[in-house]
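Peer 1: Read off the chains here:
Number of protein chains: 2
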Amino acid sequence: MSSNDLMSGVLAPVVTPFAPDLTPDAQRYAKHCRWLQDQNCGLAVFGTNSEANSLSVGERMQLLDMLIDNGLDPKRMMPGTGCCSIVDSVTLTQHALAHGVGGVLMLPPFYYKDVSDEGLYRTFAEIIERVGDDGLRIYLYHFPQMSQVPLGIELVGRLREAFPGIVVGMKDSSGDRGNLEAVLSAFPGFGYFAGNETLLLANMRAGGVGCISATANVNPKAIDGLFQNWQADNADSLQSSLNETRAAVQQFPLVPALKKIISHYAADGEWNRLRPPLVELAEADGNKLIAELDAIGFEMQGIRG
Amino acid sequence: MSSNDLMSGVLAPVVTPFAPDLTPDAQRYAKHCRWLQDQNCGLAVFGTNSEANSLSVGERMQLLDMLIDNGLDPKRMMPGTGCCSIVDSVTLTQHALAHGVGGVLMLPPFYYKDVSDEGLYRTFAEIIERVGDDGLRIYLYHFPQMSQVPLGIELVGRLREAFPGIVVGMKDSSGDRGNLEAVLSAFPGFGYFAGNETLLLANMRAGGVGCISATANVNPKAIDGLFQNWQADNADSLQSSLNETRAAVQQFPLVPALKKIISHYAADGEWNRLRPPLVELAEADGNKLIAELDAIGFEMQGIRG
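First to last, the protein sequences are chains A and B.
All residue numbers for the first sequence refer to my numbering, where the first residue is 425 and numbers rise by one.
All residue numbers for the second sequence refer to my numbering, where the first residue is 425 and numbers rise by one.
Isolated chain A (complex conformation) (with noise of 0.2 Å):
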């Protein structure tokens, strides 16, 4: 695999419906997957707002082969592949792997808090020594506000000069932009996602290469607007519609409100459905969040039917 092959673009963690028996929903996630894909969108399946954590690695498994047998593309597929026991990781990154994804996310173990660089160093070291395989390409999952393990700007730096070519690019979902121009100022080149699209237009001008958001679940083809017309005239513009939708939608939990909205505009009431701990939002956020949706032009084209 050549470095001509290293992931961009928008990518959305597929959010992953759920039958009333709360085993995931299959033909519902394809068809998911198959809207989100027509509009250029990539696949980071089993992400924080896929509820990834809440499935077994079993469960994980079965919805890939399932994607895989649809057709679905996975060169555009970036899975989470990153668990608290580097045993499931390495489980989870062979099998991503042998289905030819373009790269997995991966998480640190995030049970244990405090842990030392030199642990979380040992942890990616490990996985990458199990898998032992060339074609490995790895973007680090940088989450402090949900897994409460950082990564920070040395580790990063560490692992990449040990796996060249392997630990190829990560996923800022911190929100931070300081350490977003950080990142790229030292490691120039470096596979950086930006964590939502708020950052897309920053990102790009700091020589990232796109971002992994929620909200590209329900706004992919805005997203991708900017992705493409990142250096054209009214991309500041195109940054502002962006900014407008994620507003509406951060109001909220993210993942209840991103299956509210996919349920009410594909008029399909099984998509709101949450697996525990996460619940539903309650009807009358769900209506707030609908009707200042509705009332800046909102849509999304194609998800019914």
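Watch out, some of these pointers could steer you wrong.
In this list, chains with the same sequence are indistinguishable; a pair is considered to hold if it fits within one copy or across any two.
20 Å max Cα-Cα, derived SDA-like pairs, lysine to any residue [unchecked claim]:
1) K645 x Q655
2) K537 x F722
3) K537 x P677
4) K537 x E704
5) K499 x R697
6) K537 x Q572
7) K712 x A610
8) K537 x S598
9) K537 x M570
10) K537 x S480
11) K645 x Q674
12) K537 x Q674
13) K537 x Q569
14) K537 x P568
Note that these hints are calculated values from the structure, not bench results.
Given chain A's structure and the hints, the job is docking chain B onto it.
Peer 2: Chain B in isolation, oriented as in the chain A frame:
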């Protein structure tokens, strides 16, 4: 199972030894469990200090099978079975129940933060319903500093009321004496284990049932001595003595410290190995720890050979 069967006393969250290839070392594990049981210490296998969240579901089940095959008493076992995914929690809980364990210690799902009590309630309710066994005895595991997902007293009360005879107790590792007194005052007879032995005497006086403490891995006999004699005239003095050992140990990260202690007193360097992201103590720290323990006359009788 009658209420007479409810668990009490001192339990150790058993530390898990690893071979050079980082697989669990079954032989040393069984031996350590036998040493603990011989000193009347129950086995809270697969807890925080067991590095359980660095193990896969399969590894945990194999280790438990092995302990049972080795004749250790399931009635004094309280395996940790709470995972991020309901599916995994159900798998581990059913497996443990099939072995006749005295109870299970259940973490809430710990990836998603700021989750609602409703979401946590649904998690435990779904697990209980899926397990579907009246013999289930759940001890809720409250450890906000590590899990970052507290189990507040309202939630505990709601679960206890909805599932009487099943949600029978908790382990509180918050170290918050106010919570200890509030819980036992609100729910007399609740099977409340203090999360470390420094609160053992206070817990027994407030109506609790014992403690589940990291340090029980190395100091089980003395801790059980206070449990057996908490109403004796010298109970405060016994508590002070336990606190002295605890203070020496908890200057350092607990799991590395425990492994260093066992490694030293068992004269077995193989014990001094952790699975990433945890790492062994630096040599100087380890030497300081052992010197302080030696200075207060600490010993681990029968740990060698």
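Peer 1: Each hint should be assessed against the structure and marked as holding or not.
Peer 2: Hints versus structure:
Taking identical chains as interchangeable, the C-alpha atoms of K645 and Q655 lie at most 20 Å apart only when both belong to the same chain, with a minimum of 17 Å there against 71 Å between chains. Within a single copy, K537 and F722 get their C-alpha atoms no closer than 40 Å, and across copies no closer than 29 Å, so neither meets the 20 Å cut-off. For a Cα distance limit of 20 Å, the shortest separation of K537 from P677 across copies, 11 Å, qualifies, whereas the shortest one inside one copy, 24 Å, does not. Taking the closest pair of Cα atoms, K537 and E704 come within 20 Å of each other only across two copies (15 Å); inside a single copy the shortest separation is 29 Å, beyond that limit.
Taking identical chains as interchangeable, the C-alpha atoms of K499 and R697 are never at most 20 Å apart, the minima being 29 Å within one chain and 39 Å between chains. Within a single copy, K537 and Q572 get their C-alpha atoms as close as 7 Å, and across copies as close as 9 Å, so both meet the 20 Å cut-off. In the homo-oligomer, the alpha carbons of K712 and A610 never lie at most 20 Å apart, since the shortest distance is 43 Å inside one protomer and 39 Å across protomers. Both within a single protomer and between protomers do K537 and S598 lie at most 20 Å apart by alpha-carbon distance, with minima of 17 Å and 15 Å respectively.
In this assembly of identical chains, K537 and M570 lie within 20 Å of each other by CA distance both inside one copy and across copies; the values are 12 Å within and 6 Å between. With identical chains, the CA atoms of K537 and S480 are at most 20 Å apart between copies only, with a shortest distance of 19 Å across copies and 22 Å within one. Proximity of K645 and Q674 under a CA criterion of 20 Å is satisfied intra-copy only: 19 Å inside one chain copy versus 54 Å between copies. Taking the closest pair of Cα atoms, K537 and Q674 come within 20 Å of each other only across two copies (16 Å); inside a single copy the shortest separation is 27 Å, beyond that limit.
Taking identical chains as interchangeable, the C-alpha atoms of K537 and Q569 lie at most 20 Å apart whether they share a chain (12 Å) or sit on different chains (8 Å). In this assembly of identical chains, the alpha carbons of K537 and P568 lie at most 20 Å apart whether taken from the same copy (11 Å) or from different copies (11 Å).
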